[in-house]
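Engineer: Two independent chains are provided; combine them into the complex using the hints.
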Amino acid sequence: AQTVTQSQPEMSVQEAETVTLSCTYDTSENNYYLFWYKQPPSRQMILVIRQEAYKQQNATENRFSVNFQKAAKSFSLKISDSQLGDTAMYFCAKSHSGGGADGLTFGKGTHLIIQP
Amino acid sequence: DTGVSQNPRHKITKRGQNVTFRCDPISEHNRLYWYRQTLGQGPEFLTYFQNEAQLEKSRLLSDRFSAERPKGSFSTLEIQRTEQGDSAMYLCASSLVGGPWDNQPQHFGDGTRLSIL
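Chains as they are written, first to last, in this note's numbering: chain A, 13 to 128; chain B, 18 to 134.
Bound conformation, chain B alone (with noise of 0.2 Å):
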């Protein structure tokens, strides 16, 4: 078990710019989440796959925001046109659900800290 393992840990961008997020899961977890965590609070949803299938989408989700999961596999997230407000962690987890066993509780990456200057 080699943990979620996101890319990269930090990025420092300019304003306007567009950046591209990526996340490794848990090799056998078929769901994969997103979130994002400014200073002092906590994790805000924004969205999860099972497999390829994009199952649930936060509001938070703006237009600027778009995720993918292309193969079930690894999943990336790109925020286009950042602005300030952009800046936060961005936080991915990974489970296991379905079939004979309980659904499996999130296990989470380290993260990725993105600043906006």
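Isolated chain A (complex conformation) (with noise of 0.2 Å):
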């Protein structure tokens, strides 16, 4: 069984600083892709950033960006300028297979909270 693995439970940082959240995954597999999601309080889960594993290139989009060492099978989030609305849970994920289109494998989250 696939597994992603979120060692922080739970993170705290003040407004505007830079923050990193970790993610390991276990695979066999050479080609894959992943997202890291984010689920504010009683919110719907919303798509952050993905990764396919091929780009060497790491995934930005705006504050947000990632770190991927493919070989060391890690992929970890860094948010810039942290905000206020950036206090939710993460979630890191794995896809299935190599299309990214199928289900999802998640780890436990991290619990971000941004402070004023």
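No wet-lab data here; the hints were simulated from the structure.
Which stretches of chain B does chain A cover? Using the computed rule of at least three CB atoms under 8 Å from a CB of chain A, they are:
#, stretch
1, 53–63
2, 70–83
3, 106–115
4, 123–130
Here are the in silico distance ranges between beta carbons for each label pair:
#, chain 1, residue 1, chain 2, residue 2, range
5, A, Q127, B, F91, 39 to 45 Å
6, A, R75, B, R32, 44 to 50 Å
7, A, Q68, B, S132, 45 to 51 Å
8, B, E73, A, Q68, 27 to 33 Å
9, B, P25, A, Q26, 36 to 42 Å
10, B, G33, A, S86, 43 to 49 Å
11, A, P52, B, I29, 20 to 26 Å
Keep in mind the model is a prediction, meaning the values are calculated, not measured. Just so you know, even glycine gets a beta-carbon here, dropped at the ideal spot from N, CA and C.
Structural biologist: Take a look at the structure:
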């Protein structure tokens, strides 16, 4: 069975600081997709960023960027200039196959709190 | 784009009863996914459909669970003879795959929260 591990149950930083959330995963596949999803309190899951494993360049979306280390099976999320609205649960997920369009395996999540 | 719609938002039922949830995906999306999320955990994959075909089922989907997508549009998830352990948030997601575009990521609904008394 595939596993996705998020080792930080909770993190707290001051507004405007940079924060990095960790994620490691287990796979024997060469191609797959990795995702970070955000789940604000009592609200729906929103895609933050995704990365295709065969692409060496790290994905970026505005203040969000990833550090993808394929050999180490590591996929961390960096949030720059953090904002109060970034407070949420963050889930790392991996696709079940290379197309990235079938089921996802999620980690247990990291609760990120941005302090004013 | 009206988003993924799930009904009901909350369902409270007694142990042993059957329950059915509905998911309406984003209109042009051909894939539809079901996940279960318990408190403090990440979502766990249950099953997904491409159009009306059920392509993947998790071992979590016991014989008490059945999902359908008869016309390739909305989907239903039924749980028979509910147990205490079925209490969870049931999430539906949809995506658009195939064709000349990249496979799109999954868009999630608000979920149906099931409480078993």
